[in-house]
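2 protein chains.
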Amino acid sequence: MSPSRPQPQKPTRERILDAAHELMRTLGLSRATTKEIARLAGCSEAALYKHFAGKEDLFVAVLSERLPRLTPLLHRLVLDPGGRTVEQNLTEIARQATLFYAESFPIAASLYAEAKLKSRHDAAMRELGTGPHMPIEGLDSYLRAEQSAGRIAATADTFAAASLLMGACAQRAFAYDPAGTVGAPPPQDVDDFAAALAATLLAGISG
Amino acid sequence: MSPSRPQPQKPTRERILDAAHELMRTLGLSRATTKEIARLAGCSEAALYKHFAGKEDLFVAVLSERLPRLTPLLHRLVLDPGGRTVEQNLTEIARQATLFYAESFPIAASLYAEAKLKSRHDAAMRELGTGPHMPIEGLDSYLRAEQSAGRIAATADTFAAASLLMGACAQRAFAYDPAGTVGAPPPQDVDDFAAALAATLLAGISG
DNA sequence: CGAGGGTGGGTGAGTGCTCACTCACCCGTC
DNA sequence: GACGGGTGAGTGAGCACTCACCCACCCTCG
Chain A
9 MSPSRPQPQK
19 PTRERILDAA
29 HELMRTLGLS
39 RATTKEIARL
49 AGCSEAALYK
59 HFAGKEDLFV
69 AVLSERLPRL
79 TPLLHRLVLD
89 PGGRTVEQNL
99 TEIARQATLF
109 YAESFPIAAS
119 LYAEAKLKSR
129 HDAAMRELGT
139 GPHMPIEGLD
149 SYLRAEQSAG
159 RIAATADTFA
169 AASLLMGACA
179 QRAFAYDPAG
189 TVGAPPPQDV
199 DDFAAALAAT
209 LLAGISG
Chain B
9 MSPSRPQPQK
19 PTRERILDAA
29 HELMRTLGLS
39 RATTKEIARL
49 AGCSEAALYK
59 HFAGKEDLFV
69 AVLSERLPRL
79 TPLLHRLVLD
89 PGGRTVEQNL
99 TEIARQATLF
109 YAESFPIAAS
119 LYAEAKLKSR
129 HDAAMRELGT
139 GPHMPIEGLD
149 SYLRAEQSAG
159 RIAATADTFA
169 AASLLMGACA
179 QRAFAYDPAG
189 TVGAPPPQDV
199 DDFAAALAAT
209 LLAGISG
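Chains as they are written, first to last, in this note's numbering: chain A, 9 to 215; chain B, 9 to 215.
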């Protein structure tokens with residue numbers, strides 16, 4: 009084996025998924041061509057078709073195997089809020105959600121360019137019992153659990169609150185450019201942003 | 009007015025813009041081909057090139073001439089909050105923003121598929137002093153005006169509040185499918201949603 | 001033990017199709 | 001008779017995808 013490579017090589021399938029993921033992020037879905045993917049993965053175009061039925065299949069695989077998941081954190085908090093305050097929990101959720109959306113939003117968004125592909129992906133997500141609405145509903149569940157525990161107001165609209173918090177995190181990926189290469193950079197760092205959202209949501213803004 | 013056609017015909021340029029806009033919404037950006045646009049507009053492909061330098065030009069024109077604007081409402085409220093309560097104003101803002109994003113989000117999102125086109129569009133937006141971050145900042149301005157007027161808490165973080173409200177409205181377009189044709193339909197109608205957001209943001213959720 | 005052959009993973013060289021875009025030409029109006 | 005707005009018929013490029021073929025590996029059986 010060559011001394012420069014610790015592993016002889018990753019399996020080809022993995023290299024293809026990595027390459028496709030990378031190109032989807034950097035070039036956008038429509039310029040992530042089979043030729044480029046194969047080049048970056050270090051194999052032939054024909055090899056792609058040994059592992060995936062077609063380009064659509066490959067992209068669906070990337071979306072479901074490479075994008076991070078947010079639900080585990082929410083689920084954990086529903087089951088066990090831990091010894092932390094609601095504000096601490098909400099801050100952590102906001103932080104994770106902001107990072108999650110910053111990574112996954114550009115790719116998810118580019119599905120809108122290809123309505124066909126989007127509906128296939130939506131179907132796959134529904135099959136798995138997930139989808140873009142799940143973070144909101146997961147947070148809603150967490151808030152209702154805290155409400156039962158008397159840690160947030162009994163009159164609070166938990167769904168509205170969940171929409172506000174998750175929305176702000178997602179919107180940040182859309183309205184601001186994390187890398188700052190193209191659009192306006194976000195005006196504050198993730199930690200401050202998350203803390204401000206949690207505090208504002210809890211306290212409200214009425215005079 | 010004539011029974012079948014009120015106008016003998018719209019100018020070709022307008023018909024092309026309408027056709028392109030329609031196809032971008034329904035088929036997605038990458039299937040909105042010059043051939044389809046010409047067919048729907050009722051002219052030849054070559055005619056497109058008499059009015060626009062190329063497909064990119066056409067799309068940039070659609071984005072800047074067909075997408076609705078949200079800023080006028082915000083601007084009006086900053087200058088004159090009117091005789092209405094903050095909650096009424098925020099509800100109206102949320103309502104308008106939800107409708108705005110439902111219409112413009114799918115198209116704006118599909119720009120992510122074409123990084124080249126996205127940066128051209130971003131540049132055009134910056135030129136016009138606008139962009140996806142403007143609604144947040146416009147709302148922030150409004151909130152600061154209300155804060156000066158003593159109608160919201162002096163300690164409130166207006167930027168966080170603006171991020172929460174606008175984010176929830178934008179996220180709704182992303183997480184739920186307004187037409188209900190593909191994804192999950194939104195769980196409540198726009199008016200209720202807007203009212204719940206405004207109330208929750210004002211009051212907070214702490215116990 | 002060693003020949004035989006099925007099999008999974010790989011390739012280089014196409015193939016046909018669709019795309020954005022062009023060109024020579026046309027026609028009604030000032 | 002110039003000119004703005006329009007056309008039908010291309011054209012070359014780039015795309016997803018296929019095909020015939022290759023080879024290392026392992027299982028099987030004489």
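Hints were generated in silico from the structure; no laboratory data involved. A couple of the hints might just be wrong.
[What the hints assert, rightly or not] Beta-carbon label-pair distances, calculated as ranges:
(1) B:Q196 / A:A54: 48 to 58 Å
(2) A:A187 / B:Q17: 17 to 27 Å
(3) B:D199 / A:G137: 39 to 49 Å
(4) A:H83 / B:V190: 21 to 31 Å
(5) B:G90 / A:P193: 26 to 36 Å
(6) A:G91 / B:E135: 50 to 60 Å
A virtual CB, placed ideally from N, CA and C, is assigned to each residue, including glycine.
A quick look at each hint next to the structure:
Checked against the given bound of 48 to 58 Å, the beta carbons of Q196 (chain B) and A54 (chain A), roughly 50 Å apart, stay inside it. With their beta carbons about 46 Å apart, A187 (chain A) and Q17 (chain B) fall outside the hinted range of 17 to 27 Å. Between D199 (chain B) and G137 (chain A) the beta carbon distance is about 30 Å. The supplied range of 39 to 49 Å is therefore violated. Under the hint 21 to 31 Å, the C-beta atoms of H83 (chain A) and V190 (chain B), about 26 Å apart, fit the expected range.
Distance hint check for G90 (chain B) and P193 (chain A): the Cβ-Cβ separation is about 35 Å, which falls inside the suggested range of 26 to 36 Å. Between G91 (chain A) and E135 (chain B) the C-beta distance comes to about 52 Å, which sits within the given range of 50 to 60 Å.
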